[in-house]
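Chemist: Residue numbers (UniProt numbering), protein chains in the order written: chain A, 1 to 267; chain B, 1 to 267; chain C, 1 to 267.
A hint or two may mislead.
Since the list gives no way to pick one copy over another, a pair counts as held whenever it fits inside one copy or between any two copies.
As the list claims (entries may be wrong) - Lysine-lysine pairs mimicking DSBU-like chemistry, simulated, CA-CA at most 35 Å apart:
hint : residue 1 : residue 2
1    : LYS77     : LYS208
2    : LYS82     : LYS208
3    : LYS208    : LYS246
4    : LYS265    : LYS77
5    : LYS124    : LYS73
6    : LYS247    : LYS82
7    : LYS247    : LYS77
8    : LYS247    : LYS204
9    : LYS208    : LYS265
10   : LYS14     : LYS265
11   : LYS14     : LYS73
12   : LYS208    : LYS73
13   : LYS7      : LYS124
FYI, nobody ran anything at the bench for these hints, they're computed from the structure.
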Amino acid sequence: MIFTTQKITESYWKVAINHPPVNVFDPEFSVQLRTLMDELEANENLKVVVFESSNPDFYVAHAELVNIFDFPKGEGKTGLSKSWPDIAKRLEQAPFVSIASIRGRARGLGSEFIQAFDMRFASKEKAVFAQPEIGIGSFPGGGGLERLHLLTGKARALEIILSGDDYDAQTAADYGWVNRAFPDNELDAFVENLARRIDSFDLKIIKKIKATMNERVIIPQNEHIMETQIAFFASLTEPEARTRIKKLLDQGLQTYGDVELNLGKYL
Amino acid sequence: MIFTTQKITESYWKVAINHPPVNVFDPEFSVQLRTLMDELEANENLKVVVFESSNPDFYVAHAELVNIFDFPKGEGKTGLSKSWPDIAKRLEQAPFVSIASIRGRARGLGSEFIQAFDMRFASKEKAVFAQPEIGIGSFPGGGGLERLHLLTGKARALEIILSGDDYDAQTAADYGWVNRAFPDNELDAFVENLARRIDSFDLKIIKKIKATMNERVIIPQNEHIMETQIAFFASLTEPEARTRIKKLLDQGLQTYGDVELNLGKYL
Amino acid sequence: MIFTTQKITESYWKVAINHPPVNVFDPEFSVQLRTLMDELEANENLKVVVFESSNPDFYVAHAELVNIFDFPKGEGKTGLSKSWPDIAKRLEQAPFVSIASIRGRARGLGSEFIQAFDMRFASKEKAVFAQPEIGIGSFPGGGGLERLHLLTGKARALEIILSGDDYDAQTAADYGWVNRAFPDNELDAFVENLARRIDSFDLKIIKKIKATMNERVIIPQNEHIMETQIAFFASLTEPEARTRIKKLLDQGLQTYGDVELNLGKYL
Chain A
1 MIFTTQKITE
11 SYWKVAINHP
21 PVNVFDPEFS
31 VQLRTLMDEL
41 EANENLKVVV
51 FESSNPDFYV
61 AHAELVNIFD
71 FPKGEGKTGL
81 SKSWPDIAKR
91 LEQAPFVSIA
101 SIRGRARGLG
111 SEFIQAFDMR
121 FASKEKAVFA
131 QPEIGIGSFP
141 GGGGLERLHL
151 LTGKARALEI
161 ILSGDDYDAQ
171 TAADYGWVNR
181 AFPDNELDAF
191 VENLARRIDS
201 FDLKIIKKIK
211 ATMNERVIIP
221 QNEHIMETQI
231 AFFASLTEPE
241 ARTRIKKLLD
251 QGLQTYGDVE
261 LNLGKYL
Chain B
1 MIFTTQKITE
11 SYWKVAINHP
21 PVNVFDPEFS
31 VQLRTLMDEL
41 EANENLKVVV
51 FESSNPDFYV
61 AHAELVNIFD
71 FPKGEGKTGL
81 SKSWPDIAKR
91 LEQAPFVSIA
101 SIRGRARGLG
111 SEFIQAFDMR
121 FASKEKAVFA
131 QPEIGIGSFP
141 GGGGLERLHL
151 LTGKARALEI
161 ILSGDDYDAQ
171 TAADYGWVNR
181 AFPDNELDAF
191 VENLARRIDS
201 FDLKIIKKIK
211 ATMNERVIIP
221 QNEHIMETQI
231 AFFASLTEPE
241 ARTRIKKLLD
251 QGLQTYGDVE
261 LNLGKYL
Chain C
1 MIFTTQKITE
11 SYWKVAINHP
21 PVNVFDPEFS
31 VQLRTLMDEL
41 EANENLKVVV
51 FESSNPDFYV
61 AHAELVNIFD
71 FPKGEGKTGL
81 SKSWPDIAKR
91 LEQAPFVSIA
101 SIRGRARGLG
111 SEFIQAFDMR
121 FASKEKAVFA
131 QPEIGIGSFP
141 GGGGLERLHL
151 LTGKARALEI
161 ILSGDDYDAQ
171 TAADYGWVNR
181 AFPDNELDAF
191 VENLARRIDS
201 FDLKIIKKIK
211 ATMNERVIIP
221 QNEHIMETQI
231 AFFASLTEPE
241 ARTRIKKLLD
251 QGLQTYGDVE
261 LNLGKYL
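Please take these sequences and the hints and turn them into a complete structure.
Modeler: Dropping the structure here:
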C-alpha cells in the first residue's frame, strides 16, 4: 500500500505516501493513486485532504524511468490520460480541498504532483524542489509546462525548467511554487490548524468557493497537457535521453543515496 | 460624516475613514462613499487620493451583518450594483490614482474595499487582513472571488478564502495582497512621498498610464461580480449562515472588543 | 563597439555592454544591438547568452533624449519597429536563452531592455531599477506598459510607473521585476553556474522548452506595443515633456554625475 489514509474525521482525511526507497511515481503509484482518488471522490462529505510523505527525505522523488512506458494507458474520467493528467485534473476540479504538506524532495513529476493540489506548504529545512527533466534530455511532461508558470510567472518557470537545479523551500515560496515555507517544527501545526479550520466550515460553501474560483482563474488547457505529455514520452526514446538516463541510473538514481539526495549536482 | 476629506493640494486629497466603533461597511457607509466618489470624480484636476483610517485598530472591519439587506438597491453608473461593486469599478476606472494606507483590520468587505484601489501599503505592526466569510457560512461577495487571485494567484487566494483566518501585513505583502508592508513609523512618510511625487506629475500623463494599464491587464468581469454578489446575499438567508452570524453577534461582533480584534480565532 | 561578445563556448556567449559615459540606449545602441541580434540568431548552436555591463554604475541608463527622434525607422523582421520593439520580440521568440546579469542602473528603456530577456538576476548592492518616464512628462514606450505587469502584477506596475522612483534590487525581486537579487559577490557565480548548466543540456530540448512556454503564457500583443510606442513619441513633442527634459539635461542628465546616479530624486 503506497497510500495510507487516516480518517481524522469523516470529512478531514490525511494520506501518507510511502513507496520505498525514494517514493518514485511509477506505474504502481499511478494505479494506486487512481484508486485513492476514486475513494476520495466517493466520500461526498469530504472537505479536506492533506498529503504527507512517510519518508523524511523524499516527498515524491520523480517519475520512475526504467518502466516509464508501462504507465496505465487510455483516458480517464476527464478525457485526459489515466497515467496522471486525469488525476491532476480531478484534484483541481474536486469539490474537496487538497493540501500538500511537504518534507523531502519533490522533483519532476513529484513537483508536478504538488502543482495539482489546491495549496502547498513546505518545510524550510527539509523540502527540495526541482524540474530536472532537462538533465535527462527532456522537459516537464506531467503538467509543469502548463501549471508552473501560473504559480511563478514565466521568467521564474523558465529558470526552474531550464536550470533543472534544486530549489530550497524559501526560494520556492518566494517564487510562488509553494504558498509558504515554515520552519520544520512549525509546519505540522500550521497545516493541522488550517485543515481543522476548513473541516469546521460548511461543506456546500467549500464546494462553492472552489467551483467559483475555478471559473475565475486561468486553468491549463487539456489539449496543452496532452500535447506536452505525448512529446515528453517521445523525447525519452531519443538517444540523447537514453544516454543521460542510463548514466544517472548507473550512478544510483532511484536508489536511496547521494544522486537522489542531491540530484541537481548530477545533471 | 464617515469620510473626512482633507485637500492637501487641489489635486492631492486625503480621506479619513471614521465610523465608530469599528468602521463597519454598512448601508450608511455605502451611501456616503457614493457621495464621496461623486465628489472625487467631479474634481477634474484630481491626481491622487489616499484613504486612511482614523481608528488605529480598524481600517474597515467588514460588512455590517444585521442590516445587510438594507444596502442601496439598483444599478450605479457602471451598471453594477450601487451598494459597492459600482464604486469599486469606478475606482478602478477613475482617471485619478487611489492609494490605501492601511492600519488596523481590513477583513471581508474591508479587504475587498482595498482590493479596488490602485495600490495598497500596510503597517507591519498594525494591519491585519482576512476574508472571513466562510466563518459565517458564506464567501466573499464584494469582489474577493474576482480580484484577490489577480493579486495573489489562485493557490494563495484559495488559502485565504478557505481558511478565513487573519493574515499579518508581511504575509499579505509576500502574497501580493498589498504592494508592500512597512514598519509602522515609516508608512506615513512612504505614502506621503509617493502621493506628493504623483501630485507633481502631469495630469494627462497620469490619466494615460491608468487608462492604458487597464486595457493591458485582466479586469474582473461585471457578470462575474454580480453573479457572486447575488449568490452571496442568497447564502446569508440559509440557516447555517444565520446560526453562525447570530453566534458571533452574541459574542460581540461589531462592537469594539476581542471578537473584532481577533476574529480569526472565533470563526 | 558598444557590445563585446565573448564566446565562452560555441553555444554559450557573454555580451558586455559599454557605451560611455552611462550606457544610454541611443540610435547607435539600437543599430549595433540589431547587428548583434542578427549574429546571435545566425549561430544555430547558441544555447545561452548573458548580457552584462562593463560600467559598474550603469547597466543601461535609459533612452537617449536629445536624439530620440533619430532612432532607426521602419519595421524589423517581426513587423514591429526596428528601433527596439522588433529586437525585444526576437529575444522573446529566440531559440536560445537570454539572461540579464545586472549591476548599475536600469531605468526607462534600460528597464524595458531587461524585461525582454528570459531571466533577470541583480546585484543587491549595485542594481537600481526605475520607469522614470512620468518625470519627463511621458510613460514607458518600449514595452513597459505591456511587459512589466506580467512580471509584477498590475498594482505594483502602476506603483512603479506612476512613482517614477528608484527601486533597489531586493524590492525588484520581491515584486518579480527580476527573478532574484544576490549579494554582489555571489551574483557572478550564480549566473555562471546557471549558464554553464544550460550550456550542458541538449540544444533541441532548450528550444522545445522556450517554444512551448511561449505558447502557454500571455505574450504582449504587437498592436499594444506599437500603439504605446507611437503615443510615447508623440508625448515627447508636448511642451510639458520638452520643459521637463530640458531641465533635467541642464542639470546633467546623460552625463556621469548625481542626476544619473540618483535620478529618482530629481524627477
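Chemist: Next step is simple, just say for each hint if it's right about the structure.
Modeler: Now the hints, each set against the structure:
With identical chains, the CA atoms of LYS77 and LYS208 are at most 35 Å apart both within one copy (22 Å) and between copies (29 Å). Taking identical chains as interchangeable, the C-alpha atoms of LYS82 and LYS208 lie at most 35 Å apart whether they share a chain (27 Å) or sit on different chains (25 Å). Taking the shortest Cα distances, LYS208 and LYS246 sit within 35 Å of each other only across copies (22 Å), while inside one copy they are farther apart (48 Å). With identical chains, the CA atoms of LYS265 and LYS77 are never at most 35 Å apart, being 39 Å at best within one copy and 40 Å at best between copies.
Taking CA atoms no more than 35 Å apart as the test, LYS124 paired with LYS73 passes in neither setting, with 37 Å inside one copy and 50 Å between copies. In this assembly of identical chains, the alpha carbons of LYS247 and LYS82 lie at most 35 Å apart only when taken from the same copy (29 Å versus 47 Å across copies). Proximity of LYS247 and LYS77 under a CA criterion of 35 Å is satisfied in neither setting, with 37 Å inside one chain copy and 42 Å between copies. Taking CA atoms no more than 35 Å apart as the test, LYS247 paired with LYS204 passes between copies only; the shortest distance there is 20 Å, against 52 Å inside one copy.
In the homo-oligomer, the alpha carbons of LYS208 and LYS265 lie at most 35 Å apart only across protomers (23 Å), although the nearest pairing inside one protomer, at 45 Å, exceeds that limit. Proximity of LYS14 to LYS265 under the C-alpha cut-off of 35 Å is found in both arrangements, the shortest distances being 33 Å within a copy and 23 Å between copies. Taking identical chains as interchangeable, the C-alpha atoms of LYS14 and LYS73 lie at most 35 Å apart only when both belong to the same chain, with a minimum of 28 Å there against 45 Å between chains. In this homomeric assembly, LYS208 and LYS73 come within 35 Å of each other (Cα to Cα) both inside a single copy, at 33 Å, and across copies, at 25 Å.
Taking identical chains as interchangeable, the C-alpha atoms of LYS7 and LYS124 lie at most 35 Å apart only when both belong to the same chain, with a minimum of 27 Å there against 39 Å between chains.
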